[in-house]
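Student: Here's the letter readout for the chains.
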Amino acid sequence: MFDQQLAHKATENLKRLREKKPLIHNITNYVVMNYTANALLACGASPVMAHAQEEVEEMVSFAGALVLNIGTLTPYWIDSMVKAGKRANELNTPIILDPVGSGATKLRTDSAKRLLDELSIRVVRGNASEVLSLAHKDSRTKGVDSIHSVDDAADAALTLSRELNTTLAITGAVDLVTDGKEIHRVSNGHELMGFVTGTGCTATVIIGAFLAVDDNPLTATTTALAYFGLAGEKAATKASAPGSFQVGLLDALYSIEEKQMQEGAKIQIQ
Amino acid sequence: MFDQQLAHKATENLKRLREKKPLIHNITNYVVMNYTANALLACGASPVMAHAQEEVEEMVSFAGALVLNIGTLTPYWIDSMVKAGKRANELNTPIILDPVGSGATKLRTDSAKRLLDELSIRVVRGNASEVLSLAHKDSRTKGVDSIHSVDDAADAALTLSRELNTTLAITGAVDLVTDGKEIHRVSNGHELMGFVTGTGCTATVIIGAFLAVDDNPLTATTTALAYFGLAGEKAATKASAPGSFQVGLLDALYSIEEKQMQEGAKIQIQ
Amino acid sequence: MFDQQLAHKATENLKRLREKKPLIHNITNYVVMNYTANALLACGASPVMAHAQEEVEEMVSFAGALVLNIGTLTPYWIDSMVKAGKRANELNTPIILDPVGSGATKLRTDSAKRLLDELSIRVVRGNASEVLSLAHKDSRTKGVDSIHSVDDAADAALTLSRELNTTLAITGAVDLVTDGKEIHRVSNGHELMGFVTGTGCTATVIIGAFLAVDDNPLTATTTALAYFGLAGEKAATKASAPGSFQVGLLDALYSIEEKQMQEGAKIQIQ
Numbered sequence: 001m002f003d004q005q006l007a008h009k010a011t012e013n014l015k016r017l018r019e020k021k022p023l024i025h026n027i028t029n030y031v032v033m034n035y036t037a038n039a040l041l042a043c044g045a046s047p048v049m050a051h052a053q054e055e056v057e058e059m060v061s062f063a064g065a066l067v068l069n070i071g072t073l074t075p076y077w078i079d080s081m082v083k084a085g086k087r088a089n090e091l092n093t094p095i096i097l098d099p100v101g102s103g104a105t106k107l108r109t110d111s112a113k114r115l116l117d118e119l120s121i122r123v124v125r126g127n128a129s130e131v132l133s134l135a136h137k138d139s140r141t142k143g144v145d146s147i148h149s150v151d152d153a154a155d156a157a158l159t160l161s162r163e164l165n166t167t168l169a170i171t172g173a174v175d176l177v178t179d180g181k182e183i184h185r186v187s188n189g190h191e192l193m194g195f196v197t198g199t200g201c202t203a204t205v206i207i208g209a210f211l212a213v214d215d216n217p218l219t220a221t222t223t224a225l226a227y228f229g230l231a232g233e234k235a236a237t238k239a240s241a242p243g244s245f246q247v248g249l250l251d252a253l254y255s256i257e258e259k260q261m262q263e264g265a266k267i268q269i270q
Numbered sequence: 001m002f003d004q005q006l007a008h009k010a011t012e013n014l015k016r017l018r019e020k021k022p023l024i025h026n027i028t029n030y031v032v033m034n035y036t037a038n039a040l041l042a043c044g045a046s047p048v049m050a051h052a053q054e055e056v057e058e059m060v061s062f063a064g065a066l067v068l069n070i071g072t073l074t075p076y077w078i079d080s081m082v083k084a085g086k087r088a089n090e091l092n093t094p095i096i097l098d099p100v101g102s103g104a105t106k107l108r109t110d111s112a113k114r115l116l117d118e119l120s121i122r123v124v125r126g127n128a129s130e131v132l133s134l135a136h137k138d139s140r141t142k143g144v145d146s147i148h149s150v151d152d153a154a155d156a157a158l159t160l161s162r163e164l165n166t167t168l169a170i171t172g173a174v175d176l177v178t179d180g181k182e183i184h185r186v187s188n189g190h191e192l193m194g195f196v197t198g199t200g201c202t203a204t205v206i207i208g209a210f211l212a213v214d215d216n217p218l219t220a221t222t223t224a225l226a227y228f229g230l231a232g233e234k235a236a237t238k239a240s241a242p243g244s245f246q247v248g249l250l251d252a253l254y255s256i257e258e259k260q261m262q263e264g265a266k267i268q269i270q
Numbered sequence: 001m002f003d004q005q006l007a008h009k010a011t012e013n014l015k016r017l018r019e020k021k022p023l024i025h026n027i028t029n030y031v032v033m034n035y036t037a038n039a040l041l042a043c044g045a046s047p048v049m050a051h052a053q054e055e056v057e058e059m060v061s062f063a064g065a066l067v068l069n070i071g072t073l074t075p076y077w078i079d080s081m082v083k084a085g086k087r088a089n090e091l092n093t094p095i096i097l098d099p100v101g102s103g104a105t106k107l108r109t110d111s112a113k114r115l116l117d118e119l120s121i122r123v124v125r126g127n128a129s130e131v132l133s134l135a136h137k138d139s140r141t142k143g144v145d146s147i148h149s150v151d152d153a154a155d156a157a158l159t160l161s162r163e164l165n166t167t168l169a170i171t172g173a174v175d176l177v178t179d180g181k182e183i184h185r186v187s188n189g190h191e192l193m194g195f196v197t198g199t200g201c202t203a204t205v206i207i208g209a210f211l212a213v214d215d216n217p218l219t220a221t222t223t224a225l226a227y228f229g230l231a232g233e234k235a236a237t238k239a240s241a242p243g244s245f246q247v248g249l250l251d252a253l254y255s256i257e258e259k260q261m262q263e264g265a266k267i268q269i270q
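These protein sequences, in sequence, are chains P, E and D.
Residue numbers for the first sequence follow the numbering used here, so the first one is 1 and each next one is one higher.
Residue numbers for the second sequence follow the numbering used here, so the first one is 1 and each next one is one higher.
Residue numbers for the third sequence follow the numbering used here, so the first one is 1 and each next one is one higher.
It is worth saying that the hints were derived from the structure and are not from the lab.
The model shown is predicted, which means the values in this text are computed figures rather than measured ones.
The beta carbon of each residue, even a glycine, is placed where N, CA and C say it ideally should be.
Be a bit skeptical, because a hint or two may be false.
[Stated by the list, open to error] Listed next, the stretches of chain E that the computed footprint assigns to chain P, with coverage defined by at least 3 CB atoms under 8 angstroms from CB atoms of chain P: (1) 30–37; (2) 42–48; (3) 53–66; (4) 240–252.
[Unchecked claim] Which residues of chain E face chain D? A few of them, derived with a C-beta cut under 7 angstroms, are: (5) 72; (6) 74; (7) 105; (8) 107; (9) 195; (10) 197.
[Claimed, not checked] Simulated crosslink set (BS3-like; lysine-lysine; CA at most 27 angstroms straight-line): (11) 106/P / 86/E; (12) 83/P / 113/D; (13) 21/D / 106/E.
Let the hints inform the model, and build the full structure from the sequences given.
Tutor: This is the structure we're talking about:
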C-alpha cells in the first residue's frame, strides 16, 4: 500500500542528515524560534536564526538551506528575507517558504507573493488556504471555497505548482505534495499536532533540513513530512495532552531509528 | 463556602470556549509568545500573534478578543496596540491589557496609561503594584505602599476600577477581581506558578479567551482565573519542579473536564 | 582531585542566590528568552527582559547583573546594550557578554568588539571560536585554527583575558575559565546539552546570577558553570532525549540541594 522506495529514501535522508549536520538559516517568526531550533537540533541539523540586513547574506552563505517564515512579519523582515534569498539563489542554496497566514491579511498575501516573485523558491509549505492564496488573480487555480473533493485539491495544487514553478506541500490530515508533475501523499501524523503551536512551522524547517541533503524537492519534502508525522505518532504513544506531546515530539525526532523510519513511512504516489 | 453559580458559569464558559474556538489576537512580548499560544490552543481557542502596523487592523477584525501585553514594549509596538485597539473598539471586540512592569519604568507606566486613555479596555490584569501604578496622579487611589490589609487593597481596587472605567484583576495568592461594583475573589492556584515565566501573561490570554464567549467582564475574568488556577493545582499533583510543571500546566488546561471545573472552582463574592 | 574549597564556594553562592533573589536584566536573543527566563527563576533569581532605548538605563538600575547576548542582534539592539551597559558601569553592576556567533559574520564580530571597547565587561562566555574571534588584529592571541592542544587553548585564553581585561569562560566538554592570572577547569556537564538550543546562553545567564552574589568574577563563573553542568548531569539520569532533557534541566536547577552541589562540583585549579 505505501511506497517502499520512498520509505527507503526517507531512511536514507534521515541518515545523511544526522551525518552531515547541515546548518539551516532561519528568518522566521518569534513564536516558534525556540521550538524549531530545538526540532532542527533533534533531527541532527544545526540551526541559526539571523535577520539583520547587515549579516543575512553572509550568514546564508554557510547554510545548507534557508527557511523563510512570515508568521510575525514586518516589512523589515521581508526585506531581510529577500536579501538572504537572493544570495541563496546565487549559491544555489535551497529556499523553503512558509507563508503563515497568507490569505488572511493583505500584508501577508502580498509579502508571500513578493518572495515568490523575487526569489527562486524550491518548496512552499502551508495549509490549503495559505497555499491557494498564492495564486495570481487571473490564474486558473481554484480558490479554497471551490474545492469540493480531494481530487479538486490535487488538481488545484498541480496547476498552482506549475504556475509558481515550485514544489508545494499542502499539509493537513493527509499531506499532499506536488512538483507540478507527480503527486505524493503522506498519511503520517497525529491529531495532537494541531494542539501545539508551530507544528506547521516545524514541518517546514524539517523539510528545509532534508532539502540540504536531497536535491530532489519532491522526495525531500515527502520524506521529511513522513519523518515528522512518524515522530508525532511516536510521541502520541506516550503523551495524551499537548504539553507533554510537545516535549515528546522533540524526543521522537531525536530517537527514531532507521528501521522505524523504513517501516513507519506512509507515503503514496498518486 | 465557594459560589456555586460562578462555578457553574466557569463550566459553561469553558464548554463554550471549546465549542466556539475563538481567534484571539495577541500583541504581546517575546518571552511568552510560544507559551501563551500553546495555552490558548490547550484551552480550545485559536491564537494569532501579529504586530505589524500594516496588518493589525485587518487581523483584529477576525478576532473574538484582543490581548495587549507590554512585557517587551517599544514605542512601535505600543503604536500597533493603539491601532489594533481602535479597530477593536469600533467592532466592540473586547480588549484585555496586561501592563507588565508598569510602575517600574516611565516608559511602561506611560505606555500603559496611554493605552487606557486612547482605548476602551474591558479588563486589566496585573499584580498589585502594576495595577495600582495606573492611578492618575491626583487620584484617590492609594499606592501600593499604603496598603496594609486585604480590605485596603479591595478599597483601592474598587476606586481605581471606577476611575479607569474597566474591570481590574489583581492576581496573587488570592486573585481579586472588581468591575467597580462587585468584588470577586479566586483562591485557585499553586505556588509553583511563580517559578514559571509568563504565568501572569498566560492568565491574561485565558481571560481574553473567556471574554470572547462571555459578555460580562467580571464573570469572564473570575471564571477564567478559576480555570487557570485549577489547572495549576492539577499540574502540581504530578510535578514538583518548574520544568515539568510548565509542561503539566498545558496538559491540565487541555484535560480539565467540566465536572472537575464545577467542583474545583474556588470563587467567592465579597 | 576536585577542589573542595571551590565546591564549597559553589554551594555558598547557590544558597546566597536563592536567598537574595537578585533581578537579572537581560538584553538577549529571541530564541532563548523564554528558556533563560525560566532558568533564572529555577535558580532562584528574578529575570527581566527589556530592550527599549527609552527604558534600559532605568531598568538596569534595579538589577544585580546585566546580561548582554547578541544571538539575534540588530544595530538597534546593540545600541540598547551600550546604553544599558554604560549605566551598569556607572553603578558598578556586573555585565556578562555572550558573543553568540562572533567570528561568523562581520556584524557579530564588530558588535561584540564594540561592546568590549565601550563597556567594562566583567565576564565573556562563549565557545572557543567565539571567544578567540574577539582578539585584536595585531594581538598575540592565536586563532582557533592554530590551537593544537589543551595547553595551547589555555595560553591563548590567558593572553586574551589580559588583552581584553575581562574574565573569559570558554565552554565545551570541559570548561576553561581564566581571569588572566588563574585558570580553572570545570568538568560538569552532559552531552545532551548540545542537543538543546540555548544551553550556552543559559550558562551565561546563570553566571550573570552568580555575579550578582559573588564579587569575584573567576569564582562566580566557575561555580555557576559547575552548578549548571551538575544540573545537566542530574537531568540526564531521568531523560535520554532532548525534549525531556530540556524540561529536566529546569527541574534540576530548581531541585539541586546544597549537599549535592558540594559533592558534585568538578572544579580544578590549573
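Student: Next step is simple, just say for each hint if it's right about the structure.
Tutor: Against the structure, the hints come out as follows:
1. 30–37: Since three or more residues must qualify, the claim that chain P covers the stretch 30–37 of chain E holds, with 4 doing so at under 8 angstroms.
2. 42–48: holds (count 3)
3. 53–66: As far as the stretch 53–66 of chain E goes, the hint holds, because 5 residues have Cβ atoms under 8 angstroms from chain P.
4. 240–252: Holds: 7 residues of the stretch 240–252 of chain E have a Cβ under 8 angstroms from chain P.
5. 72: Holds: closest Cβ of chain D sits about 6 angstroms from residue 72/E, inside 7 angstroms.
6. 74: 5 angstroms, holds
7. 105: 4 angstroms, holds
8. 107: Given a least distance of 4 angstroms, the restraint on residue 107/E holds.
9. 195: 5 angstroms, holds
10. 197: Residue 197/E check passes; min Cβ-Cβ to chain D is 4 angstroms, inside 7 angstroms.
11. 106/P / 86/E: 19 angstroms, holds
12. 83/P / 113/D: 25 angstroms, holds
13. 21/D / 106/E: Holds. Residue 21/D to residue 106/E sits at ~24 angstroms (cutoff 27 angstroms).
Violated hints for the displayed structure: none, as all numbered hints are satisfied.
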